[in-house]
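**Q** As a plain string of letters, each chain reads:
Protein chains: 2
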Amino acid sequence: MLARTCLALAIALAALPSLADEAKTPTPKELLAKATPAEWRTPDPQNLVYMDLPQGRVVIELAQEWSPLHAANIRTLIREHYFDGTQVIRVQDNFVTQWGDPDGDDKKKAKSLGTAKETLAPEFTRKDGKAYPFTKLPDGDVYAAEVGFSDGFPVARDGQGEAWITHCYGTVGVARDTGAETGNGSSLYAIIGQAPRNLDRNLAVAGKVIKGMEILSAYPRGGEPMGFYDKPAQRVTISSVRLAADVPEAQRTPIQVLRTDSKTFAALVEAKRNRRDAFYTRPAGKIDLCNINVPVRDPSKKS
Amino acid sequence: MLARTCLALAIALAALPSLADEAKTPTPKELLAKATPAEWRTPDPQNLVYMDLPQGRVVIELAQEWSPLHAANIRTLIREHYFDGTQVIRVQDNFVTQWGDPDGDDKKKAKSLGTAKETLAPEFTRKDGKAYPFTKLPDGDVYAAEVGFSDGFPVARDGQGEAWITHCYGTVGVARDTGAETGNGSSLYAIIGQAPRNLDRNLAVAGKVIKGMEILSAYPRGGEPMGFYDKPAQRVTISSVRLAADVPEAQRTPIQVLRTDSKTFAALVEAKRNRRDAFYTRPAGKIDLCNINVPVRDPSKKS
Numbered sequence: 000m001l002a003r004t005c006l007a008l009a010i011a012l013a014a015l016p017s018l019a020d021e022a023k024t025p026t027p028k029e030l031l032a033k034a035t036p037a038e039w040r041t042p043d044p045q046n047l048v049y050m051d052l053p054q055g056r057v058v059i060e061l062a063q064e065w066s067p068l069h070a071a072n073i074r075t076l077i078r079e080h081y082f083d084g085t086q087v088i089r090v091q092d093n094f095v096t097q098w099g100d101p102d103g104d105d106k107k108k109a110k111s112l113g114t115a116k117e118t119l120a121p122e123f124t125r126k127d128g129k130a131y132p133f134t135k136l137p138d139g140d141v142y143a144a145e146v147g148f149s150d151g152f153p154v155a156r157d158g159q160g161e162a163w164i165t166h167c168y169g170t171v172g173v174a175r176d177t178g179a180e181t182g183n184g185s186s187l188y189a190i191i192g193q194a195p196r197n198l199d200r201n202l203a204v205a206g207k208v209i210k211g212m213e214i215l216s217a218y219p220r221g222g223e224p225m226g227f228y229d230k231p232a233q234r235v236t237i238s239s240v241r242l243a244a245d246v247p248e249a250q251r252t253p254i255q256v257l258r259t260d261s262k263t264f265a266a267l268v269e270a271k272r273n274r275r276d277a278f279y280t281r282p283a284g285k286i287d288l289c290n291i292n293v294p295v296r297d298p299s300k301k302s
Numbered sequence: 000m001l002a003r004t005c006l007a008l009a010i011a012l013a014a015l016p017s018l019a020d021e022a023k024t025p026t027p028k029e030l031l032a033k034a035t036p037a038e039w040r041t042p043d044p045q046n047l048v049y050m051d052l053p054q055g056r057v058v059i060e061l062a063q064e065w066s067p068l069h070a071a072n073i074r075t076l077i078r079e080h081y082f083d084g085t086q087v088i089r090v091q092d093n094f095v096t097q098w099g100d101p102d103g104d105d106k107k108k109a110k111s112l113g114t115a116k117e118t119l120a121p122e123f124t125r126k127d128g129k130a131y132p133f134t135k136l137p138d139g140d141v142y143a144a145e146v147g148f149s150d151g152f153p154v155a156r157d158g159q160g161e162a163w164i165t166h167c168y169g170t171v172g173v174a175r176d177t178g179a180e181t182g183n184g185s186s187l188y189a190i191i192g193q194a195p196r197n198l199d200r201n202l203a204v205a206g207k208v209i210k211g212m213e214i215l216s217a218y219p220r221g222g223e224p225m226g227f228y229d230k231p232a233q234r235v236t237i238s239s240v241r242l243a244a245d246v247p248e249a250q251r252t253p254i255q256v257l258r259t260d261s262k263t264f265a266a267l268v269e270a271k272r273n274r275r276d277a278f279y280t281r282p283a284g285k286i287d288l289c290n291i292n293v294p295v296r297d298p299s300k301k302s
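Chains as they are written, first to last, in numbering that gives the first Met the number 0: chain A, 0 to 302; chain B, 0 to 302.
Among the clues, some could well be false.
One copy or two, it doesn't matter: identical chains are merged, so the pair holds either way.
[What the hints assert, rightly or not] The calculated DSS-like cross-link candidates involving lysine-lysine, where the alpha carbons are at most 27 Å apart (straight line), are:
#	residue 1	residue 2
1	Lys33	Lys210
2	Lys285	Lys129
3	Lys210	Lys28
4	Lys135	Lys285
5	Lys300	Lys230
6	Lys126	Lys271
7	Lys262	Lys28
8	Lys116	Lys230
9	Lys230	Lys28
10	Lys33	Lys300
11	Lys285	Lys271
12	Lys129	Lys107
13	Lys271	Lys28
These are calculated hints, taken from the structure and not from any lab test.
Whole structure, please, built from the sequences with the hints as guidance.
**A** As structure tokens, this is what we get:
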């Protein structure tokens, strides 16, 4: 009901713009249609990860500027084909989907990390946070002094110079043992529920899923504590993980991300803060950091 | 890695409490073990809905006090077996799972609502919000003047007397057409992602999933716009929906909910705000309304 009728209405309004209420907030589609080519960026293929699963491809953008040691180690693991044949080992509802070597905790059975490092200096925050681009959001945050976006990543700042990528839906983090230096990128997790912001500053963020979240979020939840699967057969096997840079250009997944310092992005944020149309009669007037999706597009299908 | 080792550690610490660091935050399990019987409430079976799906049972508590007209209409629909054979029609990633009559928008094919009403006065907020129990959270909110819990439901207040149940993970809302009065409870949705708080005050909240969210959140996302399934075969059929009150007592799902005005609930909130243990070294010191889970238990399995 809700949705089908609204969709029909949206189509009708789009077809007959002269009938649209002047007070109606533009839709994301309308705003994106007006974005200029310069407002879209093409991620560096050195930072783009293709993870192929039976259900399709997940594309992750590595946060090279925020966790360079982790990005480098993950690249090494990818290039040595560490991840090929690893599995989705844990899906905890409203929290995370985690993948890696199911025997990673057993030193005798664990897959070799090859030339990748076993431990890394923690990169949980940046002390030089002010050096990073920052497009601030207007409505504040429960957890941090200020929040906004930095080159597509959701970011928080403490007001004293420290900054970090926040755990929002789609954020990819580095699983680790209790020791802060034990995360090496061989096991990663993606956030699949309400942003668990209490993870912020306690784990390194490796990057963000920019395509394919609907694959990672829909796996059956595991029956063991913390969502581990009780039976090995429940684990989904990752067929391959590749860096876009290592894939012939013609075979890459075409993808562009809307710049978060662009006018169109600002307009999208404003439209979501104050959505007003035939359906939404009481705009929130506010927006939370993790409620904002950064649009991506397939540039070969420009509409 | 992360999780298994922590779990082992948690078990070890629990077994040897004298070795535990005094500064360690108690775990939810430790806090719940100390809850008194009076801190648990048994939901009124008139407000408890059992929705049976091929993957298991979803239990919803109706928000009788907040949307009595909708609760009454939903009870009528249930008692006349309206929902039996209806389907999950839409799963939109990071947003909602919606169920109802797939032909509900087609007047010629739509299932009869029986004696239930086709339209209802909107119950999007309560103007007499101050009359409701309210346990306030300490850290504020991006969207509303104050937030907290009321008899288990996450609630926001505008500081001027109006209050409403918020759209958090697991909140069940009443799908509707563009007209504010067109929601009648025959199609409902559950939130399966980051809390879409911009829905607050624009839709009636019918209640909250208190068991079985992991079923509703793991369905494949639909391929049509807004997550509608492209093929009828993708829809999951609901075998039956019953009120607990109409089920013989011996066949009911035993369930109790921790009182949100209890000392144990306050201690759980505080432990999550300031989690500090071998793994979490930088407590957030804050907590967002929709990051708090209200514990439920099976009273027949008291631990």
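**Q** Give a verdict on every hint.
**A** Evaluation of the provided hints:
1. Lys33 x Lys210: within (22 Å within a copy, 44 Å between copies)
2. Lys285 x Lys129: both (25 Å within a copy, 23 Å between copies)
3. Lys210 x Lys28: within (18 Å within a copy, 36 Å between copies)
4. Lys135 x Lys285: both (13 Å within a copy, 20 Å between copies)
5. Lys300 x Lys230: between (42 Å within a copy, 24 Å between copies)
6. Lys126 x Lys271: Between. Shortest inter-copy distance 25 Å satisfies the 27 Å Cα cut-off; intra-copy 32 Å does not.
7. Lys262 x Lys28: Intra 15 Å, inter 48 Å, cutoff 27 Å: intra-copy only.
8. Lys116 x Lys230: neither (30 Å within a copy, 47 Å between copies)
9. Lys230 x Lys28: between (43 Å within a copy, 25 Å between copies)
10. Lys33 x Lys300: Answer is within; shortest intra-copy Cα gap is 15 Å, inter-copy 58 Å.
11. Lys285 x Lys271: both (8 Å within a copy, 25 Å between copies)
12. Lys129 x Lys107: Classified as neither: same-chain Cα gap 44 Å, cross-chain 61 Å, threshold 27 Å.
13. Lys271 x Lys28: For Lys271 and Lys28, the Cα distance is within 27 Å only inside one copy (12 Å; across copies 39 Å).
In the structure shown, a violation is registered for the earlier hints numbered 8, 12, in ascending order.
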